[in-house]
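Its first residue numbered 295, the sequence shown is counted upward by one per residue in my numbering.
In short, the hints are calculated from the structure, not lab data. Any given hint could be a false lead.
[Stated by the list, open to error] Using 25 Å as the maximum straight-line C-alpha spacing, the simulated SDA-like pairs for lysine to any residue come out as follows:
id	residue 1	residue 2
1	K462	C397
2	K371	C337
3	K342	Q487
4	K462	S395
5	K350	V469
6	K342	F324
7	K342	T403
8	K435	E374
9	K389	I308
10	K435	R488
11	K462	I308
12	K389	H408
13	K342	V469
14	K389	L432
15	K462	R429
16	K348	T403
17	K350	A497
18	K342	G364
19	K371	T392
20	K348	C397
21	K348	T314
22	K371	T403
23	K371	H408
24	K435	V413
[Claimed, not checked] Restraint-style ranges between C-beta atoms, simulated for each label pair:
id	residue 1	residue 2	range
25	F305	L432	19 to 27 Å
26	E386	V303	37 to 45 Å
27	T494	K350	23 to 31 Å
28	T494	E472	29 to 37 Å
29	Y301	V483	38 to 46 Å
30	V409	R490	51 to 59 Å
31	D307	A335	20 to 28 Å
32	P325	R491	17 to 25 Å
Cβ coordinates follow ideal geometry from the N, Cα and C atoms, glycine included.
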Amino acid sequence: TTGLGRYAVPFRDIQITDLTCGARGAATLFPSTKYVLDIGAQCSRAIKLRDGGKVKEFHMNEKCAAGSGGFLERAAKYLEVTIADIGTMSLEAQKPQTISSVCAVLAETEIINHVSEGVAVENILRGIHNSLADRALLLLKRVGLDGEVTLIGGVALQQGMIVALREKLGETVNVPEEPHLTAALGAAVLGLQRYRRLTTAAAA
Numbered sequence: 295t296t297g298l299g300r301y302a303v304p305f306r307d308i309q310i311t312d313l314t315c316g317a318r319g320a321a322t323l324f325p326s327t328k329y330v331l332d333i334g335a336q337c338s339r340a341i342k343l344r345d346g347g348k349v350k351e352f353h354m355n356e357k358c359a360a361g362s363g364g365f366l367e368r369a370a371k372y373l374e375v376t377i378a379d380i381g382t383m384s385l386e387a388q389k390p391q392t393i394s395s396v397c398a399v400l401a402e403t404e405i406i407n408h409v410s411e412g413v414a415v416e417n418i419l420r421g422i423h424n425s426l427a428d429r430a431l432l433l434l435k436r437v438g439l440d441g442e443v444t445l446i447g448g449v450a451l452q453q454g455m456i457v458a459l460r461e462k463l464g465e466t467v468n469v470p471e472e473p474h475l476t477a478a479l480g481a482a483v484l485g486l487q488r489y490r491r492l493t494t495a496a497a498a
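Starting from the given sequences, assemble the full structure and let the hints guide the process.
Next up, the structure:
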């Protein structure tokens with residue numbers, strides 16, 4: 295099992311962190327990737343890989359929600375749009391509105407102010423994606439960004455976020471077809487490897 299609820303599964307044989315599983319899943323899908331950017335609901339993580347999709351180094355942003363998907367959920371509430379619509383609406387922005395605050399509470403205040411000033415929702419959304427991309431870039435630089443990046447996690451389902459990140463990075467950014475299931479894939483791969491080791495040892 296993996297993920298935040300990995301210990302809640304009573305029939306599990308082994309539990310592995312979603313950090314490890316996300317890295318392995320990304321490397322399985324994109325063997326040449328050197329870095330993994332995992333942006334979920336609660337935190338963002340930049341992971342540097344070594345051979346075999348193993349974690350060499352990582353940095354997290356979990357102290358402030360402004361760099362995570364949870365911030366997008368609250369922004370959607372203030373803007374009266376659905377999470378499913380944010381990604382495509384962001385692409386329609388004509389003049390992205392800057393969201394400069396690094397604190398989630400202050401950033402939310404900025405959003406409310408922009409709404410009251412009549413700023414188009416699309417422009418605010420693109421500003422939010424740009425802000426998230428800026429924070430992600432800072433995380434990646436902390437692990438020594440120099441190569442191919444794979445974006446995983448629920449936020450990677452949003453096209454606006456993908457476009458913003460690619461514009462900021464100027465590097466190859468891979469995105470799986472089901473980015474929110476990448477850690478589950480990694481868990482399956484690790485489970486298969488463990489099964490093969492056990493059966494080989496039993497047959498010896």
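Structure-based check of all given hints:
no., hint, verdict
1, K462 with C397, "holds, 21 Å"
2, K371 with C337, "holds, 19 Å"
3, K342 with Q487, "holds, 22 Å"
4, K462 with S395, "holds, 18 Å"
5, K350 with V469, "holds, 21 Å"
6, K342 with F324, "holds, 14 Å"
7, K342 with T403, "violated, 34 Å"
8, K435 with E374, "violated, 34 Å"
9, K389 with I308, "violated, 49 Å"
10, K435 with R488, "violated, 33 Å"
11, K462 with I308, "violated, 38 Å"
12, K389 with H408, "holds, 13 Å"
13, K342 with V469, "holds, 16 Å"
14, K389 with L432, "holds, 24 Å"
15, K462 with R429, "holds, 10 Å"
16, K348 with T403, "violated, 40 Å"
17, K350 with A497, "violated, 33 Å"
18, K342 with G364, "holds, 24 Å"
19, K371 with T392, "holds, 19 Å"
20, K348 with C397, "violated, 32 Å"
21, K348 with T314, "holds, 7 Å"
22, K371 with T403, "holds, 13 Å"
23, K371 with H408, "holds, 14 Å"
24, K435 with V413, "violated, 32 Å"
25, F305 with L432: 19 to 27 Å, "violated, 40 Å"
26, E386 with V303: 37 to 45 Å, "holds, 41 Å"
27, T494 with K350: 23 to 31 Å, "holds, 27 Å"
28, T494 with E472: 29 to 37 Å, "holds, 31 Å"
29, Y301 with V483: 38 to 46 Å, "violated, 21 Å"
30, V409 with R490: 51 to 59 Å, "holds, 55 Å"
31, D307 with A335: 20 to 28 Å, "holds, 27 Å"
32, P325 with R491: 17 to 25 Å, "holds, 21 Å"
The structure shown violates the earlier hints numbered 7, 8, 9, 10, 11, 16, 17, 20, 24, 25 and 29.
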